[in-house]
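Chains as they are written, first to last, in this note's numbering: chain R, 404 to 494; chain F, 159 to 340.
Please note: incorrect hints may appear among the correct ones.
[As the list claims (entries may be wrong)] Below, computed lysine-lysine pairings styled on DSS-like, alpha-carbon distance capped at 25 Å:
id: 1; chain 1: R; residue 1: LYS477; chain 2: F; residue 2: LYS296
id: 2; chain 1: F; residue 1: LYS325; chain 2: R; residue 2: LYS470
id: 3; chain 1: F; residue 1: LYS171; chain 2: R; residue 2: LYS463
Derived from the structure by calculation, the hints contain no laboratory data.
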Amino acid sequence: MKKLNLIANFIVDVIQILNEDVSQSEQKSSKKAVENKSEINEETGEEDTRDLNVISDLLKQHEKLQKTSEEDLKIMNSFLDSLVNLSDDEA
Amino acid sequence: MKRDDKNKNILLKLLLEEARSLANFNYLVSYTLTTRDKQLDQQERWRKHILKATKEMILYYKLEQQATNNLIKLPSIVASNYEGLFLLNVNVTTNKCSGFIYTFTKYKNDKKEKKEIIVYIYKEGELIQTMVVKEGSKAYELVFEYRKVFEKQLAPMRERINRMQYKLLLEIMYLIKKYLRQ
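Turn these sequences into a full structure, and let the hints guide you.
Put into structure tokens, the structure is as follows:
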């Protein structure tokens with residue numbers, strides 16, 4: 404079924420996201436963190452840089468998780484819409 | 159080197175925004191007439207736990223009142239054998255759920271007679287449609303296939319993701335507390 408394939412694809416995507424090595428995505432740092440990092444780096448010391456790296460990493464992980472949350476809602480809505488459409492077709 | 163106030167405020171603002179966003183959780187919940195109250199208690203306990211963990215962020219955004227009033231609601235119907243499957247989205251100030259409740263319309267003694275379910279579809283807490291679905295139809299098959307995927311794959315995966323999200327939230331809160339102390 405089309406909708407169940409969609410769910411299966413989502414599960415595969417999520418597993419990939421969860422298993423992805425964070426270090427592989429180091430270069431694609433979060434825009435938000437980079438902007439703040441450049442703004443702050445001028446006048447901050449080593450501790451700030453360390454914290455910023457931690458924050459940047461946390462933001463990246465958050466972005467990944469956020470995508471899965473959006474997908475969850477998409478899958479549920481897609482399922483509900485399919486159900487409503489099937490009910491109309493079979494009526 | 160001592161961090162100046164400007165930099166500290168920029169960092170704090172960023173961290174607080176992140177904490178607010180990370181305090182937005184999705185849960186995939188299933189329940190029956192007999193387990194609904196237990197499910198509600200569990201979700202409420204978890205919500206209060208998140209509020210406690212993010213106290214500094216809630217105070218910063220002055221959300222105490224809204225957070226206190228944000229009681230979780232899960233739809234129910236008058237039937238003894240229903241089952242509800244919902245995606246519940248809970249953030250600090252609001253909660254909403256989308257999903258469905260189904261119940262068998264009547265018990266069939268005759269195995270040859272087709273079963274029938276009535277499905278109540280909810281979006282963002284509102285009942286949007288009620289439909290009767292007969293065994294053998296595509297809709298009937300879809301309901302039970304989805305139920306299987308929901309329980310075996312989607313819900314356990316969501317739990318795993320939520321644990322990771324909670325861990326990130328605690329790390330962000332740790333940094334917030336650190337900068338607030340300085």
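**Request:** For the pair supplied as a hint, LYS477/R and LYS296/F, confirm whether the alpha-carbon distance does not exceed 25 Å.
**Result:** This hinted pair holds, its Cα atoms lying about 21 Å apart.
**Request:** Sort out whether LYS470/R lies within 25 Å of LYS325/F, counting only the CA atoms.
**Result:** holds (17 Å)
**Request:** Compare the distance between the alpha carbons of LYS171/F and LYS463/R with 25 Å, and conclude whether the hinted pair is satisfied.
**Result:** holds (17 Å)
Of the numbered hints given earlier, the model fails none.
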